[in-house]
Amino acid sequence: MTFRESFEVTGERALLLPYMMCGLPDPAGTVELFSAMADAGADGFEVGIPYADPLMDGPVIQEAGTRSLASGMTLRRGLEITALIREATNLPCAVMTYVNPILTMGVAEFAHAAGGAGAGAAIIADLPVDESEPFAAALENEGVGLVQFAAPTTTDARLDRVVERADPFVYGIAEMGVTGERDGSSSRAADLAARVRSRSAVPLVLGVGISGPESAAAAGRLADGVIVGTALVRRVLDAADRATACEAVASLVGDLAEAMRS
Amino acid sequence: MSVVDRPDASGRFGDFGGRFAPETLMPALEELEGAFEAAWTDPVYQEELAGLLSDFVGRPTPLYEASRLSDVLGVRLLLKREDLAHTGAHKINNTVGQALLAHRMGKPRVIAETGAGQHGVATATACALFGLECEVFMGTVDISRQALNVERMLMLGATVTPVTSGAGTLKDAVSAALRDWVATVETTHYIIGSVVGPHPFPWIVRQLQRVIGDETLDQLGDTKPDVVVACVGGGSNSMGMFYPFATGTADLVGIEAGGYGLDSGRHGASLVAGSPGVLHGARTYMLQDGEGQVLEAHSISAGLDYPGVGPEHAQFKEEGLARYDSVTDAEALDAMDLLSRTEGIIPALEPSHALAWVWREREALADKTVVLCLSGRGDKDVDQVAVVRSQ
Ligand SMILES: Cc1ncc(COP(=O)(O)O)c(C=O)c1O
Chain Z
14 MTFRESFEVT GERALLLPYM MCGLPDPAGT VELFSAMADA GADGFEVGIP YADPLMDGPV
74 IQEAGTRSLA SGMTLRRGLE ITALIREATN LPCAVMTYVN PILTMGVAEF AHAAGGAGAG
134 AAIIADLPVD ESEPFAAALE NEGVGLVQFA APTTTDARLD RVVERADPFV YGIAEMGVTG
194 ERDGSSSRAA DLAARVRSRS AVPLVLGVGI SGPESAAAAG RLADGVIVGT ALVRRVLDAA
254 DRATACEAVA SLVGDLAEAM RS
Chain Y
66 MSVVDRPDAS GRFGDFGGRF APETLMPALE ELEGAFEAAW TDPVYQEELA GLLSDFVGRP
126 TPLYEASRLS DVLGVRLLLK REDLAHTGAH KINNTVGQAL LAHRMGKPRV IAETGAGQHG
186 VATATACALF GLECEVFMGT VDISRQALNV ERMLMLGATV TPVTSGAGTL KDAVSAALRD
246 WVATVETTHY IIGSVVGPHP FPWIVRQLQR VIGDETLDQL GDTKPDVVVA CVGGGSNSMG
306 MFYPFATGTA DLVGIEAGGY GLDSGRHGAS LVAGSPGVLH GARTYMLQDG EGQVLEAHSI
366 SAGLDYPGVG PEHAQFKEEG LARYDSVTDA EALDAMDLLS RTEGIIPALE PSHALAWVWR
426 EREALADKTV VLCLSGRGDK DVDQVAVVRS Q
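Top to bottom, those sequences are chains Z and Y.
Position one of the first sequence corresponds to residue 14 (my numbering), numbered consecutively onward.
Position one of the second sequence corresponds to residue 66 (my numbering), numbered consecutively onward.
In short, the hints are calculated from the structure, not lab data.
There may be inaccurate statements among the hints.
Not the full set, but computed from the structure, chain Z residues with beta-carbon under 10 Å of chain Y [unchecked claim]:
| hint | residue |
| --- | --- |
| 1 | Ala65 |
| 2 | Asn113 |
| 3 | Thr117 |
| 4 | Pro141 |
| 5 | Ala164 |
| 6 | Ser264 |
Note that the Cβ used here is the ideal one computed from N, Cα and C, for glycine as well.
Required output: the full structure, derived from the provided sequences and hints.
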C-alpha cells in the first residue's frame, strides 16, 4: 500500500500512523515491534532513524535515539529495516530523520536507498520548505515524497508554499514544542487544520503532543492522519524485554485505533 | 575572495549558513531578520546601543601595548582588552544589542545557552537592565567547572537550567535552548551566544561584535598589524575582530581548541579537523563521524568546547580570508600563566589559546606586530585551573 492508496481506502476515517524508533527494542526485534502495531490496527508508520542531536525531539525520543545509536543503528541500516517492515506489513512507511546524516550519505544516494526500501515519504525534521528543493527533487526521482511541515506559527505566506510542495502529506504540528506527551487540549490544531484545508486538498497528518485515545480521536476528526510517537516509544523504553514491548505497543495502538474508528 | 556584507536571502555566506530549523521556528527567524534590519538602520536604535556600549559596557576597551610580554616574545604584542568590558568578556557587546532588540520586539522573556558562563552572565546582565525574564541553559559539566558564573547569573535574577543530555556541555546547552524556543517562540527571544545557529543569528551577532575590530582599527591609527589573532569557539570574538580587517593586509589567524591534541580525537577544532555538515541550523564545519552523527568536543575551556563553528568562519576558511590553527589544553594553561606573570592580567582560558599560538610561533613572528583579542578575564577559570593543577 502507498500513502495515497491508504488515504483513499480509509476515506473519511483518519489513518493511524504510529511513530517508532528503529533499532528498538533491539535491532533484530524492530520488525516484530512494527508487525505487532500493524496487527493491532496501525494504517502506516513513521520510522524513526536516530540522529545524535535531534532538535525537534523531547527527552523520550532523544533517549530512544541514544539507545538505537548505541546498538549500531545507521541511516543505511534504518532504511534496510524499513524495507523489512514494508515486506512484513505492506503498510506505507515514512522514514524520519535529520538533515546531517542524509548529507553525509549524499542526498541522491539517500533518495535511491529510500526508494529501494519502499519508503513512501521522507520526513526531515530540520528541513523547512526554504531549504527543501534539492532534497525534494532527488526524492521525487526515486518516487519518494517529501513531507512538508506546517506549525501553529506558520505564516500564511509560508503555508501557501508548504501546501504546494507537500507530498504525500502536510505534517501539521498540532502543539507548540518538541515531541512529547501532552494532554491534547490545545486549540491550535483546529486553527491550523482549517488554514490548511482552506488552501489545498493535500492530505493533512497531525502529530506532536498527541498521546492517548482521546487526543488521537480528536485529531482524527480534524485530519487525514494522526501520528502518535512518544507515548509508544516510552512504553518500549520501559519494557523489560521484546515480548513485553510488543504487547505494550499493541495494546496502546489497539486503543488508539478503536477510539479513532468510533 | 569576497567578504559578505550581509548573507543572501537564504542566509548563506558562500556555501555556508542557511536555515535548517524546525518549521515552528521559521516565522520567528524571519521576523527577527526583519526586526534586526529595521533596528540596525534606525538611528534611534544605534544611538541607544552606542550609549549603552559606552556608559554601561565601558567601551571603547583599550588597545594595550603589552611591552613586557613583547620583550619576552620578541614580537610586538597589542592586546584588545575585551576582558575590561563589563562582566569581563566580549559577550556583553552581543547581549546588550540583542536585549535592546528583544525589548523593541516586545518579547518579555529571553533564553540563552552558555558554556563558560560568560554569555549566560552577559545575558542575565542585559536582561536585568531591561527588566526581561531570563532563563539560561547550561550543561551539567560546565555548571561544575564554571561555578562562579552560575552564582553570578542567579544573583542577576536569571534561572539556570541544567542540561544533562549528551556530554553536558555547550552543544547540549544550545540544543536545549533551541528546544525550549520551539515551545515558547511566540513570547521569547533567543539570545544566541556566538556567530552560530540558523540565519539571521550569525549575521546579527557578527554585526554586534564587529565593534571589537572597528575600535581596534581606529586605535591602531597608522600602525598596520601583520597578524590579527583570536580564539575560536563558536567564533564571535574572532569574527568581531576579523571582519573589519578582512579586506586589509593583516594575516587573520583563528585558534581553535586542540584539547588533548588533534590525534587524540578529543578536541574542539571543527575548522582544522572537522568537515562540512549541518549543526544547530547552519551548514558549517563540524565534528562528525562517518555516518553524519555529531561528535562530542573536548576542551579544558568550556567556551571552546563545541563541535561546530559559525558559518562565516567556514566561508573565511574556504576562501582563504583567514587561516585556522589549534593549541592544546596544556599550551593554553602555560600561556595563561605567562600573561598573568609578565603583564598582571589573568586571561580566561579561551583567549589563552590565542596567546599560546603566539608563544609557539614566536620565531616566525619575530619583530612583527600582532594584535590579539583578549576576549575575557580569567576569574571564572581560577578554581578549575587549581583543580587541574592539583591532579
Ligand atoms: C572569554 C571568552 N572568549 C571566547 C569565547 C568563545 O566564544 P566565541 O568564539 O564566540 O568568541 C568564550 C565563550 O564562552 C568566552 O567566554
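Closer than 10 Å between Cβ atoms is the bar; does Pro141(Z) clear it against chain Y? Give me holds or violated. holds, 5 Å
Closer than 10 Å between Cβ atoms is the bar; does Asn113(Z) clear it against chain Y? Give me holds or violated. Nearest chain Y Cβ about 4 Å off; hint holds.
Satisfaction of the Ser264(Z) interface hint, Cβ to chain Y closer than 10 Å: Violated, because the Cβ-Cβ distance from Ser264(Z) to chain Y comes to roughly 29 Å (cut-off 10 Å).
Hinted contact Ala65(Z) with chain Y - closest CB pair below 10 Å: This interface hint holds because 4 Å falls under the 10 Å limit.
For the hint on Ala164(Z), does the least C-beta distance to chain Y fall short of 10 Å? holds, 4 Å
Hold the hint about Thr117(Z) up to the distance rule: shortest CB distance to chain Y must be less than 10 Å. holds, 3 Å
The earlier numbered hint that this structure contradicts is number 6, and it is the only one.
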